[in-house]
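Student: Quick mapping for you: the protein sequence lines, in order, are chains A and B. Take 1 as the starting number for the first sequence in the working numbering and just add one per residue. Take 1 as the starting number for the second sequence in the working numbering and just add one per residue.
Some clues are possibly wrong.
What the hints assert, rightly or not - Have a look at the derived ranges for each label pair, beta carbon to beta carbon: (1) R378/B to P315/A: 41 to 51 Å; (2) P52/A to R378/B: 49 to 59 Å; (3) I451/A to Q311/B: 32 to 42 Å; (4) K387/B to P52/A: 34 to 44 Å; (5) I451/A to E363/B: 37 to 47 Å; (6) P52/A to R398/B: 23 to 33 Å; (7) Q442/A to A15/B: 33 to 43 Å; (8) T6/B to L107/A: 21 to 31 Å; (9) R128/A to Q311/B: 12 to 22 Å.
What the hints contain is simulated information worked out from the structure, not anything from laboratory work. In this text, a Cβ means the ideal position worked out from N, Cα and C, and glycines have one as well.
Okay, here's what each chain looks like letter by letter:
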Amino acid sequence: MTSSNQYDAIIIGGGHNGLVAAAYLARAGKKVVVLERRHIVGGAAVTEEIFPGYKFTEFSYVVSLLRPEIIRDLELPKHGLKILPLPSTFTPTENGDYLAAWDDHDLTRREIYRHSPKDAEAYDEYARVMARAAKAIKPIINLIPPDPTSLSMRDMLGLLKVGQFAASLSEKELYAIAKLATQSSADLLEEWFETDALKGTKAASGIIGTFLGPRSPGTAYVLLHHYMGEIDGAFRAWGFAKNGSGGVSGSILNAAQALGVEIRVNASVKQVIVKNGHAVGVALENGDELQSKVVMSAADPKRTFLQFVEGKHFPDEFVTSIQNFRTRGSSGKVNIALSELPNFTALPFEKGHESVLHRGAVSISPSIDYIERAYDDAKYGQISKRPYLDMIFPSMIDPDMAPPGQHVMSCFVQYAPYDLEGGWNDEKRNELGEAVISTIEQYAPNIRKCIVGMQVISPKDIEAIAGITGGNIFHGELLLHQIFFLRPTPQWADFRTPLKGYYFGAAGAHPGGGVMGAAGMLAAKEILKDGM
Amino acid sequence: MIELRTTPFHERTSALCQPQNWRKWAGYFAAGSYEHTLDREYWAIRNSAALIDVSPLIKYVIKGKDAAALLHRVTTRDIYKMKVGQVAYTGWCDEEGKMIDDGTVSRLDETTFRLTAAEPNLRWLSMNAVGMEVEITEVTDDIAALSFQGPNTRKVLNKITKKSVDELKYFRLMKNKINEMEITVSRTGYTGDLGYEIWMDAKDALNIWDALMNAGADYGITPVGILALDMTRVEAGLFMLDVDYTSASHAWIESQKSSPFELGLDWTVNLDKQGYFVGRRALEKEKREGSVWKMVGLEVDWVGMEKIFKQVGLPPQIPGMAVRGSLPIFVGNVQVGYASTSTWSPVLKKYIALAHLQKPYFEVGTDVRMEITVEHHRQHAPAKVVKLPFYEPEWKKR
Ligand SMILES: Cc1cc2nc3c(=O)[nH]c(=O)nc-3n(C[C@H](O)[C@H](O)[C@H](O)COP(=O)(O)OP(=O)(O)OC[C@H]3O[C@@H](n4cnc5c(N)ncnc54)[C@H](O)[C@@H]3O)c2cc1C
């Protein structure tokens, strides 16, 4: 612990991006402090025992995008990171059947064949086209977004790189990408497949974290975003971190502390202190003040620009565009402690004989129409009566998540609009929980009697607990007008801000949300480039 | 009909082995894996509890007044110093100090030892026992063996063993019971994780398998084949006969042979022990003069790999399992050695290899290049010499 309150860099917010940024700065020899308002770090990547003995991966639950270079640079495996396999996806259908995707290509092909021989073939080709498109876009994630309207050398070089990638694509691929950028996921998928459950499950990944339905234009791009994780060569698609997402944050925390980063919890930042047009420190809610050469916010964009800094320090149009940044929360989370595993009618298991489906994801997405209907409810300010659910049983992947013989279940639920008609209250929260349980009950009738305890998280709760304004899981929807050099706002996508010495490196910055650490890492590198 | 033998667990393992990818191991069928992909099995070793049938290990019971003397003479370890209940890993050499085989010696009581080996050694042992009061019996078929590896194994064992294994230290063994059946439990393994090996009468094998599977159900117990084991043993820096070295008794040419020093087994060569042992003079000489070769760890530089693959428009492609094939290692344009096993390490997220390098290139930190094949073209990927083991969790010895 340092007694002095003088630092090279102050990081506001101990989410995983804040921790990554702090670790990179400390690695470069800087004296860094992370200030987190909660009693624990991790932000939306935390694991908590809401019911003693049952560990909930409270918000974020799967990992795929965590940048491999961060894992290597910060030696995260040495600090406890283990990413366990999530070998399957199981989609029960309304007629009592199911569609499964396994980690073995031939098994999956045979399974799809059971539903549609044509789809079984199209599946391979679709995966190739998506992976190629993702590969073409992927290098951009690690670039500092250029500002196409500026003429600085750096931006020109950045643009040149994007241009090079575009030039390396075949006409067919370019065409596919252009289409992906504008289409709805439903349109895209209907060109390829006929099996409802297959289309429903794929379409679902295009709407996660947006306030859009599968028939809304632009959702096809989000599908692509989810393919990014699959093209790191030996890095597998989706996985579950040991100890849940808190395990990811925990390993970054350990790495940061080993590099000398100071962590202060229960340290809510009230305001950034500005002197002579330069950020020079922060004032905490408790009255303490800390000084530093630079300040980086790893909180959401609205807090970062509308709350921590007085408006007078920013140009008006900048403030307006941040106000317009879309952060409509649309998803919730239900975490359940279970005395035993629920049994799915479509693929029952006998006690003592493990059920394979419980080791992977279970998706309630029987068709595109099902999801679109769920969206219809939300459009008019209601909780989806029959929501889309993405569920895993963490204790089946990492047995240490629950007491021996007991289980935990993580249910991501969409849609639950932040701006609910009549507002959120306890009754509405119960309604969300009930919508989830009664939906599961259709496919796993014994679910209710397995429940030992339940935590229902609405978008309002995401805001209240994780401190994300608006409750959007990605700090701002991944829409085409909110990504790349437009995130969070045109001209300021390079982690700098109109206020000198003030930087921004979290999910609301390029390249966006998800537990990937890229924003934190890239921001730290820009801070170091500017010198301090 | 003449066919490979099955192990005492075959009734269970054959029902579970989905891909039917049986491997040959010392004349027995051994499951390559139980599932179509290795991930879950690999992670059972690193995160929960893996149950591995290692019955094909060749096992000898060496009994009699001169049992210690025989092993002291044959192996490089100071067997006289071993206490009852102690296990020692060791290699054994020919007169030129070149490795014949390696395995573990367990002192079961004052005059009884168990020796494990990768290959038959009865003739070699008998030749060295001339004039000694000792009986050497091969018990490979009589003693079934399970390797039980992973951080949850202690908890599972404690649920069903008569005596707690809490006090059982690294490389020690104890007599114990499961359901009134006699077993020996040793705190040993081939994974570099917390783990035990359970030795039992072959007729009890199925009962003990069932007892473990039941007790482990809530702790993620997973039957694991030898393919996932192969990945973890590389991470643990452990080599394998016929893959990473050639037995001196099988080598066709001198350069195929290795000394224990060359394999990094300095710590097992007790030159200060009393009396003669096979290979002593040669090993003393090598110790004095220094070894020309050494087995080390190699970490392939991922960014460098990415650059090479990017030239053909691909992300790095490496097999998701251990590869037992020789890959040349270079410094500049000069070949300075070879890798004998390479693997993707899921826990470290690194591409690693066991490599044999010539002096002076085996020093930790040396930059070398390893041959890889990228779209049918030979390329050299940058790599660094690192300390072994690659992976050692704090709970391995605790
Ligand atoms: C329900 C849910 C499910 C999700 N599922 C997944 C998933 O499965 N996979 C995936 O990859 N991503 C998922 N995400 C998205 C992912 O979790 C987030 O995008 C990511 O964790 C954001 O990280 P961050 O570090 O940028 O911000 P955050 O984790 O939000 O961290 C911001 C931090 O700033 C702190 N803070 C705010 N105000 C202040 C203040 N005034 N003073 C001090 N500190 C402050 C907050 O307390 C918080 O700790 C999910 C998100 C949610 C909410």
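Student: So, against the hints stated earlier in the document, which numbers end up violated here?
Tutor: 1, 3, 5
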